[in-house]
Amino acid sequence: MAEATVKEAVIEKEPFFGKKEKKLLTDPLNDNNPITVQVLGICSALAVTSLVYPSIVMAIAVTLVVAFSNLFTSMLRTYIPKQVRMIVQLVIIATLVTVVELILKAFNYAIWKQLSVFIGLIITNCIVMGRLEAFAMANKPWRSFLDGIGNGLGYGGILVIIAIIRELFGKGTLFAGSPAAMNIIGPSNEITKYWINTASDHGVGAWFGSWYLNNNLMVLSSASIFIIGIIIWIHRSVNKKLVDIS
Amino acid sequence: MDFINIFIKSAFIENMILAYFLGMCSYLAVSKSIKTAFGLGLAVIFVLGITIPINWLINEYLLGENGIFHTDLTFLRFILFIAVIASMVQLVEMVIEKFSPALYTSLGIFLPLITVNCAILGGSLFMVSREYNFTQSVAFGLGGGFGWFLAIVAIAAIREKMRYSQVPAPLRGLGMAFILTGLMGIAFMSLMGIDPAALAGK
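Chains as they are written, first to last, in my numbering: chain U, 39 to 284; chain S, 19 to 220.
Watch out, some of these pointers could steer you wrong.
Claimed, not checked - Label-pair ranges, simulated between beta-carbon atoms:
(1) U:ASN277 / S:LEU75: 21 to 31 Å
(2) S:ILE22 / U:ILE125: 34 to 44 Å
(3) U:LEU255 / S:ASN84: 43 to 53 Å
(4) U:VAL137 / S:GLY82: 15 to 25 Å
(5) S:ALA216 / U:TYR117: 50 to 60 Å
(6) S:PHE21 / U:LYS279: 44 to 54 Å
(7) U:SER154 / S:ILE22: 25 to 35 Å
(8) U:LEU67 / S:ALA216: 18 to 28 Å
(9) S:PRO186 / U:LEU255: 50 to 60 Å
(10) S:ASN151 / U:THR64: 42 to 52 Å
(11) S:TYR79 / U:THR64: 43 to 53 Å
(12) U:TYR117 / S:ILE176: 43 to 53 Å
(13) U:TYR147 / S:ARG181: 42 to 52 Å
(14) U:LYS278 / S:ILE176: 48 to 58 Å
What the hints assert, rightly or not - With a cut-off of at most 20 Å between alpha-carbon atoms, the simulated EDC-like pairs for lysine to aspartate or glutamate come out as follows:
(15) U:LYS120 / S:ASP90
(16) U:LYS143 / S:GLU115
(17) U:LYS58 / U:ASP69
(18) U:LYS279 / U:ASP69
(19) U:LYS278 / U:ASP69
(20) U:LYS58 / U:GLU139
(21) U:LYS151 / S:GLU111
(22) U:LYS178 / U:GLU59
(23) U:LYS120 / U:GLU139
Unchecked claim - Computed footprint of chain U on chain S; a stretch qualifies when at least three of its residues, placed anywhere within it, have a C-beta under 8 Å from a C-beta of chain U:
(24) 38 to 51
(25) 62 to 70
(26) 178 to 191
In case anyone wonders, no lab produced these hints; they're calculated from the structure. For every residue, glycine included, the Cβ atom is placed at its ideal position computed from N, Cα and C.
Isolated chain U, as found in the complex (with noise of 0.2 Å):
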């Protein structure tokens, strides 16, 4: 009687998706940001940022990536010397790489064309290895899994606030590139258009069609370490704790 109670005590200590699981994807987006708060990854989130479309399939990719790598180094933790970690590390995260790499020549060519490199250096990728040093190598592999899909998505999240930024106030559009592209500001705007051809004559479709004019700061690679360095400060000035007192 006693034994079985001890064992549904450690069942219940373990619930397949309970409170720490929880934290496990939640804590990535906002404490434990793999951006801005753990400094991890920032390369590609600079590189890729300027337009929204690829910047989620980058996302996407880096999540995949980080969650399996995580899923299966979590698996064989047990059997890897602590001397070659890195090396069967880096082979687990190069295989899965390849694999998300071929995918997209085949799926989407466009987009991979454009990611060139960029879809190589997820490799390279801090958060990858960071997650792999500091969580999968100590965990279960389910946790693990979920530890890599936070942190892809807290990665992702950052990703896509700077790359809407950039592409609005850069070209003036959203998605481009994408079946969901639209123009929002700027003379290529439907609206705008209209106006420019129906009202020219009362000088109000001038006005219209020069509105806004294509910020091209937004599309230089400097915009986004500006932008990701307000959105530190703004991140901490919300969330005191984050504070660097050194």
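Given chain U, work out where chain S should sit, using these hints.
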């Protein structure tokens, strides 16, 4: 002449950090003092200068259609490149430990970190996509490493001075490092108009 052109181009005009923002993780983590930044920068020059030519040889003679297997094996590129980088870093670490213990103790902790520096793998992948030949890839490796070294030493110097400035609390440390890097990137953009080939022609 080609060698110098590519060296200057990869060091200043297409700087790894300030134009492509590669290797940002270690760049931000290790740039708190000039001394450590200097050590890491030297190690990066080393590793980039060695791995890019080796990866060029692998890409040309092992993976290409004209290589020893006569088949297109380019899908193995990522795994082989990262394996070369990891083993080269290990080798460089052992060589330095053997011949210069003083340098080893000053670089020690940063050497293994270089394996996961995006700039190293990025350099190899750029080398493939730009179709450099062997001499050009040597120049690209050394130049890229030198550019990375310059950038990290510069930001470390600025961050040391920043300690005496009154930065708003939430922006302190990391946030400010980002904004400084952005400003440096814009400053380096002014070099973009330089065309080394045209200069050499005159």
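Need the status of pair LYS143 (chain U), GLU115 (chain S): alpha-carbon distance at most 20 Å? Answer violated: LYS143 (chain U) to GLU115 (chain S) is near 43 Å, above 20 Å.
Is 42 to 52 Å a correct range for the gap between the Cβ atoms of ASN151 (chain S) and THR64 (chain U)? Holds: the Cβ-Cβ distance is about 51 Å, inside 42 to 52 Å.
Is the hinted range of 43 to 53 Å satisfied by the C-beta distance from LEU255 (chain U) to ASN84 (chain S)? For LEU255 (chain U) and ASN84 (chain S) the Cβ distance comes to about 45 Å; the hint holds.
Are at least 3 residues of the region 62 to 70 of chain S within less than 8 Å of chain U when you compare beta carbons? Result for this restraint: violated, n = 0.
LYS279 (chain U) and ASP69 (chain U) were given as a pair; does the straight-line alpha-carbon distance stay at or below 20 Å? holds, 9 Å
Checking one constraint from the list: CA of LYS58 (chain U) to CA of ASP69 (chain U), max 20 Å. Satisfied? The given pair, whose Cα atoms are some 15 Å apart, holds under the 20 Å limit.
Pairwise beta carbon distance, LEU67 (chain U) to ALA216 (chain S), judged against the given window 18 to 28 Å: Since LEU67 (chain U) and ALA216 (chain S) have Cβ atoms about 50 Å apart, the given range 18 to 28 Å is violated.
Quick one, are LYS120 (chain U) and ASP90 (chain S) close enough, alpha carbons at most 20 Å? Cα-Cα ~35 Å, so violated.
Going straight from one Cα to the other, do LYS278 (chain U) and ASP69 (chain U) come out at no more than 20 Å? holds, 10 Å
So does TYR117 (chain U) sit 43 to 53 Å from ILE176 (chain S), Cβ to Cβ? holds, 46 Å
Outcome for the supplied range 43 to 53 Å, where the beta carbon pair is TYR79 (chain S) and THR64 (chain U): holds, 50 Å
LYS151 (chain U) and GLU111 (chain S): Cα distance at most 20 Å? At roughly 36 Å apart (the allowed maximum being 20 Å), GLU111 (chain S) and LYS151 (chain U) break the hint.
Hint compliance for this structure: hints 1, 8, 9, 14, 15, 16, 20, 21, 23 and 25 are broken, all remaining hints hold.
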